[in-house]
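Enquirer: Chain by chain, the residues run as shown.
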Amino acid sequence: MNKTFNQKAWYFVIPVFVLVAFNAAVPLMTVVNYSFQETFGSNVFAWEGTRWFKEILHSERFHASLGRQAIFTFIILLIQLPLGIFIALTMPKKGWGVPVCLILMSMPLLIPWNVVGAMWNIFALPDIGFLGNSLNSIGFDYNFTQQSGDAWFTTVLMDVWHWTSLVVLLSYAGLNSIQPAYYQAAEIDGASRWDIFRYIELPKMKKVLTLAILLRFMDSFMIYTEPFVLTGGGPGNATNFLSLDLVKMALGQFDLGPAAAMSLIYFLIVLLICWIFYSLMMKNEART
Amino acid sequence: MKKIKWLVPTIYIIFLMLPIYWLLNMSFKTTTEIINVYSLWPKDFTLENYVTIFTDSTWYMGYVNSITYTVFNTIISVSAALPAAYAFSRYKFLGDKHLFFWLLTNRMAPPAVFALPFFQFYSSVNLFDTHIAIALSHCLFNIPLAVWILEGFMSAVPKELDETAYVDGYSFGRFFFKIFIPTIAAGIGITMFFCFMFSWVELLLAKTLTATIAKPIAAIMTRTSSTSGYELGLLAAAGSLTIIPGAVVIYFVRNYIAKGFAMGRV
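Read top to bottom, the protein sequences are chains A and B.
Under the numbering used here, the residue at position 23 of the first sequence is numbered 23, and the numbers go up by one with no gaps.
Positions in the second sequence are counted from 1; adding 1000 to them yields the numbering used here.
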């Protein structure tokens, strides 16, 4: 769409600008302040320069939680995207099945995150949970509170349960926007099922899939509440992801300086990856 | 191939329903039964857990609190985002692209980063432990999302609609409320759905910003389960009840979801 140049449009943006700035700028400046200072409690501060940043960037603990976080996000994207697309492809296109699928599949998205954690906790408990009990009775030695492999398996399964539906909904919407004419043309050309997917459906879903990847990346990289309730980061540090580690440092040990420096580094990593993604997306949009 | 196609969504839905069923199952059991007997359905069916929640004000006020700030947030986010999204979809102005990306960056900010400064900030402006504080803090991620989704819907409406209305003598205000908003009603519905959803499920900020008066149900659950040992039955009942508002909202927007998504940016 060709847009007109009009500076007065700023008036429309002011409410949003003020609300978000009120929420973002002031707290962010607080974090920046802390990150350069040492506190001795009761509002006594001393300038520390970049010491915390250097410390965090060289700390084993940060590397370990960043590594865990990266692996977790990678696994999540690798499972949820193909699975979500696959389910969307098999969903009914019309009839009573559509609302039933949509309503039931959206359910996990609207459950408060700590309830999701608590629900999976009692679902997976080895003695009284359905999942834990079933796995143990068919011969697996499953205990997510003691074995780190099981803890990972449970956390990943929980996230797949929780968020795959978002990918399904987005892909389904993308598929629905394809005109029937495309399929008819493909049929005339004698295209195989794979060809239809590869050359019609996938390109048409590009926009919604980009959004799905972006949202899933951001949210899985920031995951906090669900693993906090499910495993508390344990056993040991096995599922201690970035956010969990950060909150432990800031509110648990009250190491405000290092925690603030870590926050900023964390935020910059998310920002950088999203910026690359966003630029690629805009470039594509400009071309089409 | 055609015949087994329905199998995939069916299996997926069964997988989704299993943990929810387990939670419901637990909520109708007494805590003693949960711990001592493993059974696929309640042997000693009881409504006691639900009775406790509905008669104890510290419990049911949690639901009232959560719904209050969620509704506040949805109203604030959507009404602020409407004009902004219109500006982004119709006009070019100084710094528009940067502003749009800056807005999106706030959706990317990990709430864990903001928890502590938010606590200090809202305490210093005397809003700590109020519904409005949580509603405002959730604007941090809901407004960018609302602007993003609405902008997509608005850009799908051809500009000729605006121009025809002006030619017909509509003022901007009348055009916006009488013509434009009804045109993108589906988009507004979807946006409200997302704002409601992300505000309803968020806990970290809501918990940090409250002590007693505005405490959300989700936070009350964590507190109770840790102080009185594990009251699993009660926890399960409280958890089951948090599913209801979401289910109601989905029911209302079910027709918009597929239609709305396809229209807009998403």
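What the hints contain is simulated information worked out from the structure, not anything from laboratory work.
One or more of the hints may lead you astray.
In silico SDA-like cross-links for lysine to any residue, where the CA-CA straight-line distance does not exceed 20 Å [to be verified]:
1) Lys1097(B) with Glu201(A)
2) Lys1005(B) with Ile213(A)
3) Lys283(A) with Ser1155(B)
4) Lys1092(B) with Ala1156(B)
5) Lys3(A) with Tyr1050(B)
6) Lys1207(B) with Tyr1060(B)
7) Lys3(A) with Val1157(B)
8) Lys283(A) with Tyr182(A)
9) Lys206(A) with Lys1207(B)
10) Lys1005(B) with Phe86(A)
11) Lys1092(B) with Phe17(A)
12) Lys207(A) with Lys283(A)
13) Lys206(A) with Arg193(A)
14) Lys1159(B) with Lys1207(B)
15) Lys207(A) with Ser192(A)
16) Lys206(A) with Tyr182(A)
17) Lys1097(B) with Phe17(A)
18) Lys207(A) with Leu83(A)
19) Lys1005(B) with Trp96(A)
Enquirer: Check whether the Cα positions of Lys1097(B) and Phe17(A) lie no farther apart than 20 Å.
Expert: holds (14 Å)
Enquirer: Check the hint pairing Lys206(A) with Arg193(A) against an upper bound of 20 Å on the C-alpha distance.
Expert: Cα-Cα ~18 Å, so holds.
Enquirer: Is it true that the CA of Lys1092(B) sits at most 20 Å from the CA of Ala1156(B)?
Expert: At roughly 17 Å apart (the allowed maximum being 20 Å), Ala1156(B) and Lys1092(B) satisfy the hint.
Enquirer: Starting from Lys1005(B), check that the Cα of Ile213(A) is at most 20 Å away, please.
Expert: violated (26 Å)
Enquirer: Would you check the hint for Lys1005(B) and Trp96(A), treating anything up to 20 Å between C-alpha atoms as holding?
Expert: Distance ~16 Å between Lys1005(B) and Trp96(A) Cα, so the pair holds.
Enquirer: CA of Lys206(A) to CA of Tyr182(A), is that 20 Å or under?
Expert: Roughly 16 Å separates the two Cα atoms, so the pair holds.
Enquirer: Is the Cα-Cα distance between Lys206(A) and Lys1207(B) 20 Å or less?
Expert: With a Cα-Cα distance of about 37 Å, the restraint between Lys206(A) and Lys1207(B) is violated, given a limit of 20 Å.
Enquirer: Between the alpha carbons of Lys1005(B) and Phe86(A), is the straight-line distance 20 Å or under?
Expert: holds (11 Å)
Enquirer: Lys3(A) and Tyr1050(B): Cα distance at most 20 Å?
Expert: Distance ~56 Å between Lys3(A) and Tyr1050(B) Cα, so the pair is violated.
Enquirer: Compare the distance between the alpha carbons of Lys1159(B) and Lys1207(B) with 20 Å, and conclude whether the hinted pair is satisfied.
Expert: The hint is violated at about 44 Å.
Enquirer: Given the hint that Lys283(A) pairs with Ser1155(B), does the C-alpha gap stay at or below 20 Å?
Expert: Measuring from Cα to Cα gives roughly 18 Å; hence the hint holds.
Enquirer: Holds or violated: Lys1097(B) with Glu201(A), Cα cutoff 20 Å?
Expert: It is violated: about 30 Å lies between the C-alpha atoms, which goes past 20 Å.
The structure fails hints 1, 2, 5, 8, 9, 14, 15 (numbered hints given earlier, in ascending order).
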